[in-house]
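Could you build all of it, start to finish, from the sequences and the hints given here?
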Amino acid sequence: MTTTQDPYAGSRQTTEGRVYTVTGGDWDQTFGADPHENERLVVNMGPQHPSTHGVLRLVLDLEGETVTKARVVIGYLHTGIEKTTEYRTWTQGTTLVTRMDYLAPLFNETAYCLAVEKLLGIEVPQRAQTIRVLVMELNRIASHLVGLATFGMEMGALTGMTNGFRERELVLDVLEEITGLRMNHAYVRPGGLAQDLPAGVEVRIRELLTVMPERIAAMHRLLTGQPIWQRRLKDVGFLDVTGCLALGVTGPVLRAAGLPWDLRKVEPYCGYETYDFEVPTADTADAWGRYLVRVAEMGESLKIVGQAVDRLEPGPVMVEDKKIAWPAQLSLGADGMGNSLDHVRHIMGQSMEALIHHFKLVTEGFRVPAGQVYQAIESPRGELGYHVVSDGGTRPFRVHVRDPSFVNLQATAAMSEGGMIADVIAAIASIDPVMGGVDR
Amino acid sequence: MTDGFRRGAFGVTGSGDTSGFGGLVRVEPGGAVALHSTERPYGGWFDEVTDALVDAVGEATFAAAVPRVLVDRGEITYFVDREHLLTLVQALRDDEALRFELCSSVSAVDYLDSGGPAANTGRPRFHVVHHLTSMTYRRRIRLEVAVTAEDPHVPSVTGTYPTADWHEREVWDMFGVVFDGHPALTRILMPDDWDGHPQRKDYPLGGVPVEFEGAQIPPPDERRSYR
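Taken in order, these protein sequences are the chains called A and B.
Take 1 as the starting number for the first sequence in the UniProt record's numbering and just add one per residue.
Take 1 as the starting number for the second sequence in the UniProt record's numbering and just add one per residue.
Source of the hints: derived by calculation from the structure; they are not laboratory data.
Keep in mind the model is a prediction, meaning the values are calculated, not measured.
Beta carbons are placed, not taken as given, at the ideal position from N, Cα and C, and that holds for glycine.
Take these hints with a grain of salt, some might be off.
[Claimed, not checked] Straight-line C-alpha distance at most 30 angstroms; calculated DSSO-like pairs for lysine-lysine:
{"no.": "1", "chain 1": "A", "residue 1": "Lys303", "chain 2": "B", "residue 2": "Lys201"}
{"no.": "2", "chain 1": "B", "residue 1": "Lys201", "chain 2": "A", "residue 2": "Lys360"}
{"no.": "3", "chain 1": "A", "residue 1": "Lys234", "chain 2": "A", "residue 2": "Lys83"}
{"no.": "4", "chain 1": "B", "residue 1": "Lys201", "chain 2": "A", "residue 2": "Lys83"}
[To be verified] Derived CB-CB ranges, DEER-like:
{"no.": "5", "chain 1": "A", "residue 1": "Asp276", "chain 2": "B", "residue 2": "Asp95", "range": "35 to 41 angstroms"}
{"no.": "6", "chain 1": "B", "residue 1": "Tyr203", "chain 2": "A", "residue 2": "Gly271", "range": "24 to 30 angstroms"}
{"no.": "7", "chain 1": "B", "residue 1": "Pro191", "chain 2": "A", "residue 2": "Asp61", "range": "19 to 25 angstroms"}
{"no.": "8", "chain 1": "A", "residue 1": "Gly258", "chain 2": "B", "residue 2": "Gly44", "range": "28 to 34 angstroms"}
{"no.": "9", "chain 1": "B", "residue 1": "Val69", "chain 2": "A", "residue 2": "Pro213", "range": "33 to 39 angstroms"}
{"no.": "10", "chain 1": "A", "residue 1": "Asp342", "chain 2": "B", "residue 2": "Arg223", "range": "47 to 53 angstroms"}
Below, the structure written as structure tokens:
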């Protein structure tokens, strides 16, 4: 006979064997009453909830409207991208990593490619570097506009949402003209870029540069001076520099706490040290400061885009080494984007060796000398780090992504415990996590 | 073959080789990490940091804690014995000459057969990697702790760097490395009731063959791969 009685499934011995009777029961009858049970309420928010910034799940312990405990549950968007890269070539890796933080695809691509190039020991041509900076800063504006749009939506300022997405579309139109796609571009490749800028796109970019400052000013007019917006954001989601460093928080959240830590300045890559721009900071360490920092950063990005367009000079956008460089530039044909017709004519009709070379490089890929590197860049959300390991083969041995959203989201509990439940939303919106990056 | 090198390609060996691929010598998977090390001087600020670390923890402890150092591609890696990991990270964060305030990332690599020479407790296939950043001096270093699949225990650095909390949960989830002293080591990305640790090299990628215009294409992990 058993010595313990299962409270849910009592059992008795019969001639047929042991028979279990499964029953339910109330918590207090089973485990005794909790003296605080009347005050304590556990609320589950998400993962499908319009205010949790994606498929994020929050489990909140409440006393009245005060949050006593905030637990964050993630993993609902896990797609195993890191594992999948181990079964694809180094070049195909770009197509995978761009889908992690889907609001900052060009940052993922560039960080990955910089890591691969560090392993290879190569440096990309000047024009490719300038275009990388150009598209990254356009991407930063688009990403911050979505950040502000969802911020507005979650605070109930729905016009902020519609305006943010409308202005973002202007940026995405330009990115579409450059890369062929609005998102998930796979434009930055190990060794350079998939293709050169299309003719006449400089005019489009300059048009954007004249339109955008007015749109940012309109964002200010809509939200910044608005009393409700200010009262929802000021002194909410407080996290000072000490808290940020302990929790590993970087990006606008850290800069809003007063530390001007921006990898574009402190560890320049892609030639950022030659551009003239400021690192906006705030000293409020709250959601309000983070909002102001993001708006100011869009203005700085516009400055960098302008400088990048000015210094564009003709030249190659892929390394010279034919053992690494993708054999063809992409071009627009009658049936969409593909290899340029000149290249197809060359390999199919003129040169057997070129065909073999193309085939080997596209199917097998290039080899990367064994070793490991860590490459970090400043994404719109903070330090985006790629730890890439090669075993000397044609595929990555391991790619680990230190995604800023993943790390920053850990600060949710520190920002929201002890505050009101409504402020939890403001705190998370001010972190601006992208769940595609958190879960990878 | 544990000398860390792999010879030949496309299966070409012996005297029949006229392609030259039979003479190819490459580092084995993980060989660069597992078997190489750098001698002093390391160059640049690497010596400065190493000296400061020796001063902070004492020469005897350093010698026991860091059996090997590797400088490669402008990055320095300290291979750390797990018994001394917590002493080291505490000194790295708090010492005035070191000041590694930020733990950028904790992850792991599964080197399977090539993570290091076999001991009687098995091969050290899991290499747990800590990337530390000094904001004061603008430096980055890497600490690497190797453990075996039979005894996959590494002390948790959450006491020194609270940010390592989710990183270590992810490494547990993906590789099955146990971080002793972690406040709540549970799965983070995979469902709670998941079997196995997906990023281990012996965990299959999965996938089904795909029919396309009469041909059958095998799943990615069963396709031909190039050595």
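Comparing the hints with the structure gives:
no., hint, in the structure
1, Lys303/A <-> Lys201/B, "violated, 46 angstroms"
2, Lys201/B <-> Lys360/A, "holds, 26 angstroms"
3, Lys234/A <-> Lys83/A, "violated, 41 angstroms"
4, Lys201/B <-> Lys83/A, "holds, 9 angstroms"
5, Asp276/A <-> Asp95/B: 35 to 41 angstroms, "holds, 36 angstroms"
6, Tyr203/B <-> Gly271/A: 24 to 30 angstroms, "violated, 41 angstroms"
7, Pro191/B <-> Asp61/A: 19 to 25 angstroms, "holds, 23 angstroms"
8, Gly258/A <-> Gly44/B: 28 to 34 angstroms, "holds, 31 angstroms"
9, Val69/B <-> Pro213/A: 33 to 39 angstroms, "violated, 51 angstroms"
10, Asp342/A <-> Arg223/B: 47 to 53 angstroms, "violated, 31 angstroms"
Against the hints set out earlier in the document, violations occur for numbers 1, 3, 6, 9 and 10.
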